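Based on the hints, put chain Y in the right spot on chain E.
Each chain, letter by letter, is given below.
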Amino acid sequence: MAHWLDFIEQNASLPEWPYPVRYNQETHVKTDVLILGGGIAGCHAAISARRKGVKVIVVEKGATKWSGSGGAGVDHWLAACTNPCSQVTPEEYTEQVIRSSGGYDCGPLRYIACRESWDALLDCERMGMKIRDSNGEFKGADFRDEKTELLFAYDYKNKVTLRVYGYNVKPLLYRELKRSGVEIFDRIMITSLLTQGGKPGTRVIGATGINIRTGEFVVFEAKTAIVSTGLPGRLWTFSTELRPSFRDLNNVGDGCAVAWNAGAEFAKMEQSYNDSGPLSYLEYGMGNAHNTWYGASIVDANGKEVPWYNRDGKELNSIAERFQTAPGQKFMVGLGERVPSDYENQVNALAPDLPERIKKGEFVLPLYADLSRLSPHERRAIFGLMVGNEGKTRIPVYDALTKAGFDPDKDLLQAPVMPPEAYQQSNFWAGMDVPHWRIWGGGGLVVDWNLKTNLDGLYAAGGSIFGAGAHSGAAASGRYAGRHAAEFAKTNSELEIDKIQVQREKARVYTPLQQHKHNIGWKELNAGICRIMQDYCGQYRSEGTLKTGIRLLKELRESEAAMLYASTPHELGRALECHTLLTVGEIVMRASLARKASSLYLNFSRLDYPSVDPIEWQKIISIKQINGNVEISEVPFNYHLRPPYSPVYLENYQEYSIFDDLDKGGSIK
Amino acid sequence: MTNNKVYMVPNPPTPNNPIEFDDKVCNGCNMCVEICRNDVLMPNPVHGKSPIVLYADECWYCGCCVQECNREGAIKLVHPLNQSVVISWKRNQTGENFRLGMHNPPPPNTRPPSV
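As they're listed, the protein sequences go chains E and Y.
In this text, residue positions in the first sequence follow the numbering used here: the first is 1, and each later residue adds one.
In this text, residue positions in the second sequence follow the numbering used here: the first is 1, and each later residue adds one.
If we strip away everything but chain E, and leave its shape as in the complex, we get (with noise of 0.2 Å):
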């Protein structure tokens, strides 16, 4: 009886909502620091705060015990260039990374990751994670070093990324939470951002939030607050019938659109990327030869391998080649930093004509992963450590693959039977895009060498920030924003929150449940925001499309939206998550009228303004709203080198971070 049907039929009677009702309650909870989203960005800041001997309070949409979008797991850990086997400066990977990004990049977290990334899984390390091959099951394999033990990743020369156990990385997390004295609100979706004297533009004081099992609200009262919640996934593409289920379903923009509302500035929104949204296949668990299955064997239906060739167009003969940089290249970046691929940082890869070379018969479908032509450490490290400790894998991949009896030893795993076309790129399980479902790029909050936004008392980490993307870089760039805001709280007072704005708040959220259960519900909704999304924000965008697309979301806030209806707790925050993707498209699209010119770097196509990557706006474009005025402004793409900054990275770097005993800077020694 494990079935809602079932009980329903054993029962004839609905079961009640398991835990108490609370609607209208409300509760009030003062700290220093006040941490939005418990994922990996959020952990490391609590985690860096708390240190500093501060009150902190996480609150998480989800359990912190295992959620975020890095909560199921980690395997690769990128831009750990001051690990002690490292041949990449953190400079060299900073420019690198913002030169392949066309300058459309977020130069202190790039940097900021690239300092602290290996202090942070030192930090993993301290509380329990494994990171080294410490019981030699890879002994000997070209990527382990044989004196620290650790495990390297693609460039297996320059040793930057690294490989590692991470598949409990958020228990472990989790329990340096509990020890180290911070508290955890589980199941607290944040609702607004409460402001100095309840005015937008001003210091942030506070949050509300509502219980998503309860109905309760609660009041946080804080010196100063990081947003650390993770990046949209429900904004062009949503279906619960074709499952897509890359990005997790509680990551709507809550931050974001909180964030706005309370007037912080944003950069890139308007850039999105390619996505089949729910055509895609099962992640990590199909035939492929990308990220977590780099340097993976193809095979076609009768057995002949598809080559790999190296950026210069060079078969490589062996496969030890594909871990090998081409001549003249300094490092490969490898995959997952959500970086363009160019030619100075790319990574090996199959054959670049393969889609041609399937249609003229050379290769015929399906195509398999062929993981017994890799040596025995190769083929463990894919199918057994990657597949194995990567977020979703080790249950969802490796548990239920090999229960069913697939063994990497004897079997060719199938890749995906699609049109020639989807095999350009090897990540065959994401599947054939559709140019109109997009999927959030890197449009997040602009933030200075402390991480701080341009609203006072407010912090960024992670996937809040612009430009974000990896497991690491949430990581670093968490512990380096807690330890500036755990600052802020000890120079900081308090400040009075204003009643006004938080009865304004309460009454907003309660609205679904007073609503008839003949209107609009959220799944709805949701579609049909997505609809408009796909339609007027898509791959093409002009400004009649944008302006109508604004139009029609304002459109459904006033009507559809404001009649949809949540019979428990939990509909109640699906239903305000609705409200959250009305809020975080119009942001999008109002980003995506102010950019007058299309762009290669950002996916970004304005069929009124063709032409791409003019020089003119080779800069970032930031957005912000204060008493719904939108406020456009233009950023230099090296403003984090300007005055009043250094025009060195290493400078801003140890002006600006705050260092403590643990923490030794950025790994400077």
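The set of hints was computed from the structure by calculation and includes no laboratory data.
Take the hints with a grain of salt, since some may be wrong.
No more than 20 Å apart at the CA atoms, straight line, and that leaves these computed lysine to aspartate or glutamate pairs for DMTMM-like [said to hold, decoys possible]:
(1) Lys523(E) x Asp57(Y)
(2) Lys49(Y) x Glu494(E)
(3) Lys30(E) x Glu494(E)
(4) Lys523(E) x Asp22(Y)
Keep in mind that this is a model prediction, so the values were computed, not measured.
Just chain Y now, kept in the frame of chain E:
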């Protein structure tokens, strides 16, 4: 065909059964309920019984409930059919084809992941 009473119920949510409990192993401790990020699972009103899969349509297929559970085999993650039907592999030596969820699966591969 039994003479069970028939009720008016809505169509089953899709995917139908992302999480399956083995009632003989599960002791209804609700640890999985406590950590599911999306509240897919609800505690059973009958104490000691396995949780109710209420929001099947919100499962992220992360498998954290299985990892959290300390009773081996109590919880099984089941991929939706539109995913599992194409997760297939071919045995190099024999050319046999296998599929996740097939009726007569080969014996399991018991090798654990790297630790």
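Evaluation of the provided hints:
1. Lys523(E) x Asp57(Y): holds (10 Å)
2. Lys49(Y) x Glu494(E): Given pair Lys49(Y), Glu494(E) is violated - Cα atoms ~47 Å apart, limit 20 Å.
3. Lys30(E) x Glu494(E): holds (10 Å)
4. Lys523(E) x Asp22(Y): With Cα atoms ~30 Å apart, Lys523(E) and Asp22(Y) exceed 20 Å; violated.
Violated hints, in rising order: 2, 4; the structure is consistent with all others.
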